[in-house]
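*Asks:* Listed in order, the protein sequences are those of chains A, B and C.
For the record, in the first sequence the residue sitting at position 78 is 78 according to this note's numbering, with numbers rising by one throughout.
For the record, in the second sequence the residue sitting at position 87 is 87 according to this note's numbering, with numbers rising by one throughout.
For the record, in the third sequence the residue sitting at position 99 is 99 according to this note's numbering, with numbers rising by one throughout.
By construction, these hints were calculated from the structure, which means they are not laboratory data.
As the structure is a computational prediction, the values presented were derived from the model and not from experiment.
Just to be clear, a hint being listed does not mean it is correct.
Claimed, not checked - Only pairs whose alpha carbons sit at most 20 Å apart, straight line, appear in this in silico EDC-like list of lysine to aspartate or glutamate:
1) Lys33/C x Asp137/B
2) Lys200/B x Asp116/C
3) Lys194/B x Asp116/C
4) Lys33/B x Asp129/C
5) Lys134/B x Asp81/C
6) Lys125/C x Glu195/B
7) Lys41/B x Asp129/A
8) Lys211/B x Asp129/C
9) Lys200/B x Asp81/C
10) Lys224/A x Asp213/A
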Amino acid sequence: MFQYIIRRLLIAIPVLLGVTVFNFFIINLAPGNPVDMYINPDTTQADIDAKKEALGLNDPIYIQYFRWLGNLLQGDFGFSYTTYEPVLDLVLNRVGPTLLLMSTALIIAYIIAIPIGILSATKQYSWIDYLTTTFSFLGVSIPNFFLGLGSIYVFALVLNILPTGGMFTLGSNGGFADTLFHLIMPAAILGTAIAGSTVRYVRSSMLEVLGQDYLRTARAKGLKEFIVTNKHGLKNALIPIITIIGMEIPILIGGAVVTEQIFQWPGLGQLTIQSISSRDYPTLMAINFIAALAVLFSNLITDILYAVVDPRIKYN
Amino acid sequence: MSIPNVKMDTDLPVNNVVIPVQEQLGNEESYLKLITKRFFKHKLAVGGLIIFSLMVLIAVFAPVIAPHNPYSVDGEFAAPPSAVNILGTDEVGRDLFSRLLYAARVSLSVGVGAVAIYVAIGTILGAIAGYFGKWVDMVIMRITDIFMSFPYLMVILVLVSIMGPSLFNVILVLGLLGWPSIARLVRGCVLTIKEMDYVKAGVALGYSTPKIVFQHILPNCIAPILVNATFGIASAIIMEASLSFLGMGVQPPTASWGNMLNEAQSITVLATQPWLWIPPGVMILLAVLSINFMGDGLRDAMDPKSLK
Amino acid sequence: MSIETLPIKDGIFKQQSQPLVEIQNLKKYYPIKKGILSKTVGHVKAVDGLNFSIYPGETISLVGESGCGKSTTGRAIVKLDPPTDGKVLFEGKDMATIQHKELRKIRTEMQIIFQDPYSSLNPRKRIGDLLAEPLIAHRLATKEEANKKVDQILEIVGLTKFHKSRYPHEFSGGQRQRVGIARALMLNPKLIVCDEPVSALDVSIQAQVLNLLKDLQKEFNLTYLFIAHGLGAVKYISDRIAVMYLGKIVEIGKTEEIFKNPKHPYTKVLLSAYPIPNPHLRNRERIVVEGDVPSPANPPKGCRFHTRCPMAQAICKEKEPLLNATDHSVACHFPLN
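For reference, chain A alone in the conformation it holds in the complex:
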């Protein structure tokens, strides 16, 4: 199994390189270049050309790529076209809120999905099953932003029990409770983005496990059904469910962009939208790269978790 992990890591390296190449390729597609930052009404064409030479923009493309890659590895993501501050700082400020949002959403999703999925599996073909199936379909089909808008309408405007957006109440110092208060809706909405499909996974995983013979033995031993399902069955059903977390992270990232925009949550998602409108390509590239890293990382962890948890792979 150790070999499997090493092999998996080795495969990840060319993929990582490919990601950087792809990213660099997109950067060069983007209009505008770093020199624009230095232009003021007095700048002459000669100055521009000199600056271009100094910044290395006339070098062949592969040299530019390696320079960019080198900068990247040192944490230098360039400077924002709009705020002129280092992109790295800009991004680091926003990582926290996004991580908070995503992890809370994930937790909410699983808290909803696991019991419902188990229930749906144990009572297969009953009205509960059909109800949960319909709900999970609804969850998957409803556009994230529509649900977000709708919940703001209901909970913030009509019922007035939750804030309409932002991470802190204006004018206050924030604090844990305040943040939580603002976190509930966005996290719940983002959570529903994956809860629907997670319910299906839990259900089918449980169904497969429930049909196994070793559970029949447990029942024959006289154990109560509740214990049979939850103690014996759940353990094995959880295995594929846990590994799915890795697959859901890319969806969460995408969902975070929309959710943060609607709820004005100051995270990377909102920064993405802002950068797009202001055509701030360095920032955009940096976020894109970080997101890709996150996905790669989560895929890696998923594959390794699978290997750890599935004894068949251990003995190859």
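Chain A is fixed; fit chains B and C onto it per the hints.
*Replies:* Positioned in the frame of chain A, the structure of chains B and C alone reads:
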């Protein structure tokens, strides 16, 4: 499955005697008939099919059904529903109901267009990777991994913003980025089918490689491709709606359910003009839900475990 | 009527001088990969130096336990699995050096019938289309002509033309094998490799299909390479039998000779194992062989059978015996009688 009126194998005399058999032409159970039968047993799937068909009709006959021109700005600004404008008007004065109907065209063309593109790309790449194996397979799979490493929405946003938002660009980008999952699927299927004796028989019979891949292997892979493609259409519709909602998709004056929801980002509009944003949202929901139900029905109908 | 009750084929067949297929030192190794970088650490030696010839019009059988390499040999001959080493000559031509176009032509002269009736027919194609396809693909007939031939062939294999519009899943195993046989006949091949064609069928059907194969051979002047793991099927249909063990031929000769006068200890083991229905004929010497089949990745030194041979001597562990060059050849240091 036994064939009525034909004696079972054990009774066949060794020498060539014609066995009296009723001509049963037309009764053969073709794969297509089997799938269709099973699909129609699925109530939700049939419901989805009906609703989706309605959507298609709306999209096709929008010019006939719509009371107003979706581009003309003759109404009042942001008016509530009235006899003239059934769903009211938007902030510029265009009739919302007509826009709602025309927007169906956008969603469906994105859904079908993008999926058609990426199914074509993904199937070919997956088939090549699966059939030829070795380093061809490795290269294609690494490229697939690279594409799958990027969070879908983010890359699309970036690309569309660089290329300039438009309906065509949205379809193009969605099509060019959606193929990895199909490629993986097709590759897996080809790997399995490749080992079947009837494919080896084709090689032994001297069939050319393209013939074997396209006429023998791929037709047996249609089931998962079709299911994936159906869900893909639903997913593409949501993608386009999200992009347009963020202002990065279909641009006004062209109507898209997504960009009709864009105005609701303002709290005022959200609070005071529910007729503006609720109908488009519901339409998206209905379209996507119906397609998802259809996909689910298709998947169950084609499930090999219950086939034969 | 079961296979075991069928009589031994009368050895009337005469060997002509020019072999249809010549197999020279055929080897097929599969690499074993281990480690992080998937390095090749060894080979599974499925076929390890096979030499024999197939003469026109005869039926020669390859018999042996599972894993002895007989199926691999069959597939190597029809070039489904190209050999690692050695030569396969078809009508004197080296199969390895043949160019693409000529290869396609030669493929029409050698066909293969598969073991598993459930995976040998494309589930999406109707039987009629399946059978007409070879002729149309090679542009040997128009659609109407192909259709007519399909009707004829179907009758010959014991089905009817009304079966043309049906799909494989509507047929039983035995019927599917008939379709497989029909398909192999469509291109008028000279050689047909029958890869355990009756092993997957019910016992009562096996005899019928064997009879069909025999009749077809006479009618179409076919040459068969018949692969089987038991001696029951082959005795009825073969002119010659080659016994394989761990990738090598240990004995080869006329059917009657093999049955009445086996020379290799392993052949005797096989003979003693196959079921005889007549209880009175059952008092034969039962040779019980000890031990498991050695792994083809690591065959024993010297004679490969020495680890299980009841008569193994010192020399058997050192030196590998070769097939002696007679009509009834055997590879053993101490052949029986």
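*Asks:* Taking the hints in turn, state whether each one holds.
*Replies:* Against the structure, the hints come out as follows:
1. Lys33/C x Asp137/B: holds, 18 Å
2. Lys200/B x Asp116/C: holds, 12 Å
3. Lys194/B x Asp116/C: OK: Lys194/B and Asp116/C at ~15 Å, within 20 Å.
4. Lys33/B x Asp129/C: With Cα atoms ~18 Å apart, Lys33/B and Asp129/C stay inside 20 Å; holds.
5. Lys134/B x Asp81/C: Judged against 20 Å, a Cα distance of about 16 Å means the pair holds.
6. Lys125/C x Glu195/B: holds, 18 Å
7. Lys41/B x Asp129/A: Holds, at roughly 18 Å.
8. Lys211/B x Asp129/C: Within the cut-off at roughly 14 Å; holds.
9. Lys200/B x Asp81/C: Within the cut-off at roughly 10 Å; holds.
10. Lys224/A x Asp213/A: The given pair, whose Cα atoms are some 16 Å apart, holds under the 20 Å limit.
Consistency note: the structure conflicts with none of the earlier hints.
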